[in-house]
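Chains as they are written, first to last, in the working numbering: chain A, 1 to 391; chain B, 392 to 649; chain C, 650 to 998.
Hints are not guaranteed to be accurate.
[Unchecked claim] In silico DSBU-like pairs for lysine-lysine, Cα to Cα no more than 30 Å straight-line:
id, chain 1, residue 1, chain 2, residue 2
1, A, K165, A, K111
2, B, K503, C, K665
3, C, K665, B, K502
[What the hints assert, rightly or not] To list a few chain C residues with every Cβ distance to chain B over 12 Å, as calculated:
id, residue
4, R664
5, V701
6, V829
7, V846
8, P859
9, D942
10, T967
Honestly, the hints are just simulated from the structure, not real lab data. From the three backbone atoms N, C-alpha and C, an ideal C-beta is built for every residue, glycine too.
Here is how the chains run, residue by residue.
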Amino acid sequence: MKQIALLACLILMLIAPAMAAETDGNVQVGEDEIVAMVLAFLSGGPDAPDLAAVQDAAAAFSPAARIVTDSSGRTHTIDATPSRIVVMNGETLETLRSLGVDPSIIVGIDKYSADRPSFFPEYADTPVVGSIWSPDYEAIVSLSPDAVFLYATTSKDACDEIQNKLESTIPGVRIFRFDCYQPGTYAREIRALGAIFDRTAEAEAFAVFYTGTLETIPGRLSGVAEEDRAVVYLENWKDYRTGASSSGYEEKIRMAGGRNAFSSLAAEYPELDPEAVIQANPDVIVKLIGAGSYDAGGYDNEDAEAIPGYYTGLTERPGWKTLASVKNGDLHLLHNDIFGGPQHFIGIAYMAKWCYPEVFADIDPAAVHRVYLEDYQHLPFDPAEKIFTYP
Amino acid sequence: MAGLAVRNLSYRIRDRRILSDISFDAGAPALVGLVGPNGSGKTTLIRCIDGIIRPEGSILLDDTDLSLLPRMEVAKRVAYVPQGIRNNSSATVFDAVLMGRRPHLSWSIGKKDEEEVVRALELLGVEDLAFRQLRTLSGGERQRVMIARALAQESPLLLLDEPTSALDLRNAMEVMELIHRLTVDEGRLAIMAIHDLSLAARYCTGIIVLSGGTIAAQGPPADVLTPEVIAQVYGVDAVIEHRGEIPYIFPIRPVTKA
Amino acid sequence: MPDPDLRSVFAAARRKRTLFLGGTTLVIALLAGVAVTLGSADLSVAEVYLAVLAGLFPDHFTASDTAMTIVWDYRLHRVLMAIAAGFGLAIAGAVMQGILRNPLASPFTLGISSAAATGASIAIVLGVGVVGGDYLVVGNAFLFALLAAALIYGMARFRGMGAESMILAGIALMYLFSAVTSLLQYVGSSEQVQEVVFWMFGSLGRSDWPKVGIIAAILVVSTLYLVYRAWDLNALAEGDDIAESLGIPVRRSMTIFMLISSLVTASIICFTGTIGFIGLVAPHITRMVVGTDHRFLLPASGLVGALLLLGADSLARTVLAPTILPVGIMTAFLGVPFFIALFLRGRGE
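Please put together the full structure from these sequences, using the hints given.
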């Protein structure tokens with residue numbers, strides 16, 4: 001009902017400017033007032049205001065235009081919430097769900113999101129528009145979107161090209177650039193998206209939930225000196241590939257309160273000499289799974305039986321039985337579903353707990369995960385039924 | 392009738408003298424044989440006359456100094472049949488001979504050009520091969536086509552570089568008969584580098600012997616191709632015999648150093 | 650007296666050439682008409698043509714906004730780009746084969762394409778280039794392509810190398826530049842590698858009206874000049890000495906021809922990425938029908954090249970619809986049967 005009223009409101013606003021010239025524009029009318037007036041007008045009755053009165057009110061109604069800055073630094077002035085959007089990255093799609101955005105306004109998704117029907121069941125019938133690397137322009141144009149969402153810093157050149165192409169061919173389309181997976185910017189992005197879709201309250205709640213989980217970590221570790229922090233070796237699903245100082249891995253290890261064992265190496269994601277791990281003898285070893293030859297577990301829950309085998313495979317690497325982390329049970333497998341995307345805060349929480357079990361004894365990352373899935377994602381999974389960490 | 396006068400022609404690459412002070416005359420009708428050992432400068436001399444390389448000295452053709460003319464004008468006066476022919480060309484015989492018309496051609500082919508090509512093909516006896524591809528021809532046929540191209544150029548002076556070297560016994564004879572007819576019988580002037588001395592002695596009207604970049608001897612074959620000259624220039628003892636009118640030069644043994 | 654048989658054969662050859670030129674032009678037009686209707690947007694054939702007409706004669710025809718956008722902003726310039734790029738690559742290949750006297754010469758075998766890929770990689774991985782901003786990759790690719798051409802030409806002319814040696818030099822350059830590209834891929838992030846690889850596939854998806862305009866302008870000027878100088882090309886194709894003796898300034902001509910064909914190639918592949926085989930296959934096919942006279946071989950090769958690339962792109966867009974395959978992959982596949990056919994033909998000789 002409220003939507004119909006707002007629609008009538010907008011229609012009246014088209015007529016209103018003609019009236020406005022004769023109206024004294026000092027009176028400010030709020031949104032709730034105008035909605036009430038229009039509803040009353042539509043339902044008729046003895047107390048109903050006449051059309052002229054409603055038009056006067058419409059002329060005086062000025063919803064505050066929202067000004068939002070996206071993650072590429074561009075500012076957008078939004079007076080109307082986008083109603084036909086194409087989302088080309090799954091991270092943004094997931095975040096929109098946390099904000100409770102109506103799925104029906106999403107008219108096109110990328111093919112990687114379409115390949116995850118168990119995670120995005122409400123978009124099972126949504127048209128697919130290719131991917132960032134091979135966008136299906138004709139499909140996008142045919143959907144007549146008023147907004148398109150792309151990455152901000154990932155695949156920047158490809159996204160820039162898509163942005164240029166769409167802006168020059170679809171008149172009036174807005175291109176929003178959001179990554180929605182980087183710890184440094186996610187909180188701000190949540191709030192920006194909330195502003196775009198006029199769901200500021202939901203955005204605020206989710207942002208608080210997200211930052212709250214992460215902020216407990218440095219809070220409790222404030223007394224621990226740098227050199228006493230746990231040394232962590234984070235290995236990608238590609239054997240012996242880790243992240244150095246400029247990588248996202250390092251950032252997340254720091255946020256978990258640890259120190260990256262291989263921070264000082266040159267390339268962003270170097271491949272290690274196996275002996276280097278033995279030499280470094282880190283306190284905690286985290287092996288990422290979920291792709292490549294370690295593609296098991298996670299939301300898809302495929303090949304879950306293989307996971308214990310991964311673990312033994314690691315312990316059987318030459319020399320690994322002598323490592324402190326292996327002996328002390330500080331070797332863990334972590335699924336990328338809760339590390340690489342918007343759910344990284346869950347993975348970081350696990351890592352913090354593994355690094356400092358006593359300090360974070362009362363924190364239950366699985367519970368955080370459950371709250372995320374139930375209250376924000378509205379997905380029927382119980383994380384306990386799937387494997388995201390091992391052991 | 393064409394007349395060629397070369398005066399004091401020299402050619403040098405960096406510090407090496409390839410040709411020194413070459414002077415001679417030749418007038419149509421004539422087939423001048425240019426003989427000499429390998430590296431004596433035969434090909435270089437021919438390329439100088441054709442204007443491919445620019446020497447010192449003067450080259451007068453009918454009193455016009457070729458070295459002063461633009462290339463296209465030289466091409467109208469001098470035609471060149473080079474040594475060794477690319478054998479994988481997929482051009483047809485007609486197109487190859489038509490190429491000889493280049494100095495006279497505007498962009499499209501005129502009737503005259505077609506007629507000249509056909510005439511050249513007929514003169515060389517290869518008109519039946521007109522639309523065959525060059526690479527499908529035998530060595531002898533290809534050589535005739537190259538000569539036909541030079542003829543189509545309609546130039547007063549013909550230069551040939553070792554036209555018979557790659558040919559078998561019969562083809563070599565037939566090509567030499569042909570060249571002899573085109574020059575001596577039909578009034579053209581040709582200078583031909585050749586290293587088969589017997590053929591040179593038999594068919595040429597005049598001989599120039601090159602040795603080490605200079606002219607060792609020049610004149611009618613009987614005067615020039617003598618055992619003394621051959622011994623001096625080639626370092627070979629030879630014997631000259633005649634079968635009827637036809638001279639034959641037989642190498643006997645290399646000259647032993649005294 | 651010209652032999653009447655000869656004349657009739659000559660006339661027949663001329664007729665064959667005209668028919669071939671006319672025929673290919675017609676097929677290109679038809680194929681273009683089909684290609685414009687291909688795409689993932691749900692437009693009927695009638696809607697597409699209506700949109701084309703509406704764009705050309707806005708006073709007499711109208712079409713929906715979506716149709717206009719799809720046809721004029723996405724499909725039409727892509728089709729024209731395929732025609733222009735195919736034409737250019739084929740002509741460049743024909744000229745290279747002529748002056749190098751080798752039917753295997755092409756922008757690919759001479760390392761020019763590999764050099765362009767290296768230039769693009771340097772721009773993508775190191776972010777360094779001659780022209781900044783949007784044209785970083787394009788500028789580098791263009792420059793490096795010309796650099797390779799200059800190297801080959803330099804090696805050929807000033808060292809007195811023959812045609813076979815030049816091909817070897819070209820292949821050596823190809824390996825050199827490929828090695829550099831590989832090194833850059835090793836050093837780059839996985840994103841940059843993906844971008845380099847995508848660039849090297851060759852694609853017409855990045856075309857737009859200004860690019861089509863630039864390439865068309867370069868093509869018009871180059872083609873006119875090349876056809877005007879076609880006789881010299883014919884002579885050069887026979888041999889340097891012969892060309893020289895026919896009055897053609899060989900060094901200057903070869904420089905100009907090499908420059909023009911490299912320029913045409915570079916200006917195309919800097920926009921489209923490396924598209925192989927067109928420059929090799931089109932002149933070959935054309936030579937079999939039209940002969941070696943470059944006055945006809947050049948424009949005819951161009952038309953065949955345009956046809957091949959347009960066909961390849963149309964296939965690339967439909968064979969795995971709605972995924973659009975990069976056209977360079979399709980032309981590579983098309984090259985295989987061609988070479989097999991060539992090989993089998995050659996066995997008879």
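Any hints from earlier that this structure breaks? Give me their numbers in increasing order, please.
-> 9
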